[in-house]
Amino acid sequence: MFVFKLLFRNLFRHKLRTLLTVAGIAVAILSFGLLQTVVAAWYAGADASSATRLISRNAISLVFSLPIAYKERIRQLDGVKGVSYANWFGGVYITEKNFFPNFAIEPASYLAMYPEFILDETELRAFVHDRKGCVAGRKLAERHGWKIGDAVTLKGTIFPGTWEFTLRGIYRGKQPSTDEGQFFFHWNYLNESIRKQMPRRSDQVGIFLIEVAHPTLAAPVAQAVDTLFKNSLAETLTETEKAFQLSFIAMTEAIVVAIRIVSYLVIVIIMAVAANTMAMTARERIGEYAVFKAMGFGWWHICGMVFGESLLIALTGCLLGIALTFPVAAAFAAKLDQFFPVFLVEHGTIWLDLLLSLLVGTVAGIFPAWRAVRIRVADGLRRIG
Amino acid sequence: MSSPMVSIRSLSKSYRRGSQIIPVLEEISFDIAEGEFLALMGPSGSGKSTLLNLIAGIDQADSGSILVNGVDLTRLDDSSLARWRAGQVGFIFQFYNLIPVLTAFENVELPLLLTSMSRRKRHEHVATALSVVGLADRMEHRPSELSGGQQQRVAIARAIVTDPSLLVADEPTGDLDRVSAEEILQLMEQLNRSFNKTIIMVTHDPRAAERARRLLHLEKGLLLSPAQEAGGPGPAL
Chain R
313 MFVFKLLFRN
323 LFRHKLRTLL
333 TVAGIAVAIL
343 SFGLLQTVVA
353 AWYAGADASS
363 ATRLISRNAI
373 SLVFSLPIAY
383 KERIRQLDGV
393 KGVSYANWFG
403 GVYITEKNFF
413 PNFAIEPASY
423 LAMYPEFILD
433 ETELRAFVHD
443 RKGCVAGRKL
453 AERHGWKIGD
463 AVTLKGTIFP
473 GTWEFTLRGI
483 YRGKQPSTDE
493 GQFFFHWNYL
503 NESIRKQMPR
513 RSDQVGIFLI
523 EVAHPTLAAP
533 VAQAVDTLFK
543 NSLAETLTET
553 EKAFQLSFIA
563 MTEAIVVAIR
573 IVSYLVIVII
583 MAVAANTMAM
593 TARERIGEYA
603 VFKAMGFGWW
613 HICGMVFGES
623 LLIALTGCLL
633 GIALTFPVAA
643 AFAAKLDQFF
653 PVFLVEHGTI
663 WLDLLLSLLV
673 GTVAGIFPAW
683 RAVRIRVADG
693 LRRIG
Chain U
9 MSSPMVSIRS
19 LSKSYRRGSQ
29 IIPVLEEISF
39 DIAEGEFLAL
49 MGPSGSGKST
59 LLNLIAGIDQ
69 ADSGSILVNG
79 VDLTRLDDSS
89 LARWRAGQVG
99 FIFQFYNLIP
109 VLTAFENVEL
119 PLLLTSMSRR
129 KRHEHVATAL
139 SVVGLADRME
149 HRPSELSGGQ
159 QQRVAIARAI
169 VTDPSLLVAD
179 EPTGDLDRVS
189 AEEILQLMEQ
199 LNRSFNKTII
209 MVTHDPRAAE
219 RARRLLHLEK
229 GLLLSPAQEA
239 GGPGPAL
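Going down the list, the sequences are from chains R and U. Reading the first sequence from the start, the letters are residues 313 to 697 in the working numbering. Reading the second sequence from the start, the letters are residues 9 to 245 in the working numbering.
No lab work stands behind these hints: they were computed from the structure. Cβ atoms here follow ideal geometry from the backbone N, Cα and C, with glycine treated the same way. Fair warning: there could be bad hints in the mix.
If the Cβ cut is set under 7 Å, some of the chain U residues that face chain R in the computed set are [stated by the list, open to error]:
hint, residue
1, D67
2, A90
3, R93
4, A94
5, F99
6, V109
7, P119
8, S124
9, M125
10, M147
Pulled from the structure, derived: some chain R residues nowhere near chain U, Cβ distances all over 10 Å [claimed, not checked]:
hint, residue
11, N322
12, V603
13, A690
Here are the in silico distance ranges between beta carbons for each label pair [to be verified]:
hint, chain 1, residue 1, chain 2, residue 2, range
14, U, A41, R, L328, 48 to 56 Å
15, R, L577, U, V79, 30 to 38 Å
16, U, R91, R, M313, 31 to 39 Å
17, R, A335, U, Q198, 32 to 40 Å
18, U, E227, R, R595, 31 to 39 Å
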């Protein structure tokens, strides 16, 4: 009890210095937390993917499509539980600033494969039965103020023209980590229109989604699909949904690595700041430590005082930083939800914050503690006065 | 005849400044009996504070021996010395050296934290020590709220709270005005006479030295004999 009293009172001997150091650590922890959350948001798609879903695309590139006729042949393979398909539409809502992912899908089979998208039964029925119907995620609908029945018009970029839809449903995510920023409409609507305008591009899909009965079947089924279409005009590359998502992240891997490095650099910088504070503190108190030693206090008591204060500063800053991370992350998420549809501070980030603040507190205390322990009592006492 | 409380034999100490070795104490030998009040005097640099530090176990001698209550301090390692100091020595410094963030009560309580005493018992001891130095009504004051003389009295209470057999004081009145210095000296006299504390005091002040029962002079690291002190030739003690 006495020790904590001493630590707390020592903490406020230089209020401004302590306050600035705590504020610095809080800002560093906040920055670290946000940067880690950005990295986590980058991987949100991969993390949310299912181990029982495979994605089959054209082996040359995702830019090239696959014939819709593949669907029935894939369905017949052993281990395949269901098959669906989708096309990246790339439509623009009013201006390009309003970016959101939009796909042409086969409603019944696609939504059955994604139980994490929760859609009201009536809304699902309305969507399935309306060829020009569409479904949007809750966050996307909120962002643009869409209500059921509203007309939504997209400008095609890959598929030219103006495309009109009627909003038939708004889905919610089963988990907080489910992306609620996507937009789906009927593949048939797209295909029929293309057939009229560009017949050669009709009856093509961007990807096939394959559901397998068990995660252990993912590899053999993927291999079977690719073998099935080997030496055809459109060979396939089939991989797990996670691998498919990670292939997108790999394109921006350098950015993710840079963010990670910056987040740890912030911690290294604050470690230096905290170490400087503790070094100043210990230098000022060398005489006091000598008095403690003269009275019979051992090196472990002196270390306890230095490390205790250092850890107290680091943990106070950390807790403040963590407390700030949540509202700031929420503000970030609201502002950037079109780029990061899932922007959640993970538990792992909080634990990492705590761990790093302990590291900062410990490292910051090492040199001052070493100096305080090494000082000879007679030398320390000479510095007073 | 009973054995002396402090027995110093052939004690030498030097400091190194670069490649130069500066002798501070040379072949010092003397005894201090239990209950003595000894004043060490001498010009600056004569080695009196170094001698005090060696007797108090906060510095290491180059050679010789220092026996305090039969324990040879020159043979103890740092941890053993720390334990020994906690139980056997009370320190009184020139600049009081109180912990500024602690109250008078808490400052006095500090040395007791190293004992296995219960909280209640500790508080009793602290209250007694502060009463002895006449500061029972200033327990909750921080050092900055006390005068120099009062701070030194708190320091004395801290020095006696563990009931050590030996009190060492390095210029205890050096930072005080005349009235406060007089009060501190009276208090030390009282501790010596009423509580039989053995006190070794380093001082520059002849008035302070007069309060001691015995006076030793150091010059250039050597103890002066009474004859030398008087100005004539004579053997060193």
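Verification of the supplied hints:
no.: 1; hint: D67; in the structure: 4 Å, holds
no.: 2; hint: A90; in the structure: 5 Å, holds
no.: 3; hint: R93; in the structure: 5 Å, holds
no.: 4; hint: A94; in the structure: 3 Å, holds
no.: 5; hint: F99; in the structure: 5 Å, holds
no.: 6; hint: V109; in the structure: 4 Å, holds
no.: 7; hint: P119; in the structure: 5 Å, holds
no.: 8; hint: S124; in the structure: 14 Å, violated
no.: 9; hint: M125; in the structure: 12 Å, violated
no.: 10; hint: M147; in the structure: 15 Å, violated
no.: 11; hint: N322; in the structure: 6 Å, violated
no.: 12; hint: V603; in the structure: 5 Å, violated
no.: 13; hint: A690; in the structure: 4 Å, violated
no.: 14; hint: U:A41 with R:L328: 48 to 56 Å; in the structure: 54 Å, holds
no.: 15; hint: R:L577 with U:V79: 30 to 38 Å; in the structure: 55 Å, violated
no.: 16; hint: U:R91 with R:M313: 31 to 39 Å; in the structure: 23 Å, violated
no.: 17; hint: R:A335 with U:Q198: 32 to 40 Å; in the structure: 52 Å, violated
no.: 18; hint: U:E227 with R:R595: 31 to 39 Å; in the structure: 35 Å, holds
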